[in-house]
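Reminder that position 71 of the sequence shown reads as 83 in the numbering used here, one-by-one numbering, no gaps.
Hints are computed from structural coordinates only; laboratory data are not their basis.
Any given hint could turn out to be false.
To be verified - Estimated spans, in silico, between C-beta atoms of each pair:
no., residue 1, residue 2, range
1, F139, E338, 23 to 29 Å
2, D335, Q96, 55 to 61 Å
3, P374, E133, 20 to 26 Å
Glycine included, every Cβ here is placed at the ideal spot set by N, Cα and C.
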Amino acid sequence: MKRTMSFVLVLALMLTSFSFAAAQDEGFTCPEGEATVQVAAGSVGIEYEVASEQADRYMELCPNITVELVEMPNEATDRLALYQQFWEAQSGDIDVYQVDVIWPGIIAEHTVDLNDYMTEEEIGWYFPDMIAGQTIDGKLVAIPWFTDAAGLYYRTDLLEKYGLEVPTTWDELTTAAQTIQDGERAEGNSEFYGYVWQGNNYEGLTCDAHEWLVAETGESFIAPDGTVNVNNDAFIGALERAAGWVNGISPEAVTTYGEEESRAVWQAGNAAFMRNWPYAYGLGNAEDSAIAGNFDYAPLPMGATRSGACLGGWQLAVSAYADNVEASVSVAKFFTSPEEQKIRALSPQGANPTIPAIYEDPELVEANPLC
13 MKRTMSFVLV LALMLTSFSF AAAQDEGFTC PEGEATVQVA AGSVGIEYEV
63 ASEQADRYME LCPNITVELV EMPNEATDRL ALYQQFWEAQ SGDIDVYQVD
113 VIWPGIIAEH TVDLNDYMTE EEIGWYFPDM IAGQTIDGKL VAIPWFTDAA
163 GLYYRTDLLE KYGLEVPTTW DELTTAAQTI QDGERAEGNS EFYGYVWQGN
213 NYEGLTCDAH EWLVAETGES FIAPDGTVNV NNDAFIGALE RAAGWVNGIS
263 PEAVTTYGEE ESRAVWQAGN AAFMRNWPYA YGLGNAEDSA IAGNFDYAPL
313 PMGATRSGAC LGGWQLAVSA YADNVEASVS VAKFFTSPEE QKIRALSPQG
363 ANPTIPAIYE DPELVEANPL C
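Input sequences plus hints: build the corresponding full structure.
Written out as structure tokens, the structure reads:
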């Protein structure tokens, strides 16, 4: 896709690129003394492996600091509950937390103010709105690490096989999913389903429901005037449609699915469509994937008003109870640095950067179609 930009925006991106490139060239300053930094890291897809490689690069650069990753639950709701136990105990067992984009108000009292450890230039690398979103009462509680938005994965080979177009509405998706499911099962694949998504009782289902609500009404759960926007016929109809998918075009077990359970069915070649985050793109094209080269990614379907996709993403926050705050901040800054974000974006995990200038990197533009 060709991009058109005003001269001012191009100039701004060039200056930002020069700014962080110059900072990288000056070298990374390691903290003094020896320390061990415990990082609470996710394990969705190959996320944990990618973070482990980052830890190795940091320790090669700063051999006086040991970085130990602590594997966290996949589902955000479970992870937050575990974090809250650490915070209630004011525990120093975790020094750096991987935190969700919607948690800043929850975590603020338990984290250090990163404004005290980052220069204005460093903070200026990141999307301003992301920095603003992680700022509570003037306190920068976390550094944006990677971002994403949900989309619709679809089997290009199966759309061609059944003479179908990429669905642009939820009703079209329902019909196309049923058509492909019926055809594949008639050919002997009784495990094939039309559509997989996140139906478990956790934050992922909240995201799904919010997308249906926005698609049908054009508004979020809480309208600008403070009204709770769920008791209307359009949204109720969307919920009933989704309920009708269960044990229809979706497995009965979809009500227990998180992101990884959905991806497992999809990547095994047993679904025509999937709602998921960008991380599944690179993994779906891996050598061991049954669907490599036979799928693509599109915006989520529209409802009565528009298409809606939840903005996701993760940040790194330094615990106020860390034994060595300086070392912990150093690790968090390294993991979220421009060079490291580019490496992550180029990995099979395909994490989208939180630094606008990286999106103009020719290598990334060519290698990652979702950036």
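Requested in this report: Kindly confirm whether 55 to 61 Å is satisfied by the beta carbon distance between D335 and Q96.
Outcome: violated (20 Å)
Requested in this report: Take the C-beta atom of F139 and the C-beta atom of E338, compute their distance, and say whether it sits inside 23 to 29 Å.
Outcome: Between F139 and E338, where Cβ atoms are some 26 Å apart, the hint holds.
Query raised in the report: Is the hinted range of 20 to 26 Å satisfied by the C-beta distance from P374 to E133?
Result: holds (24 Å)
The earlier numbered hint that this structure contradicts is number 2, and it is the only one.
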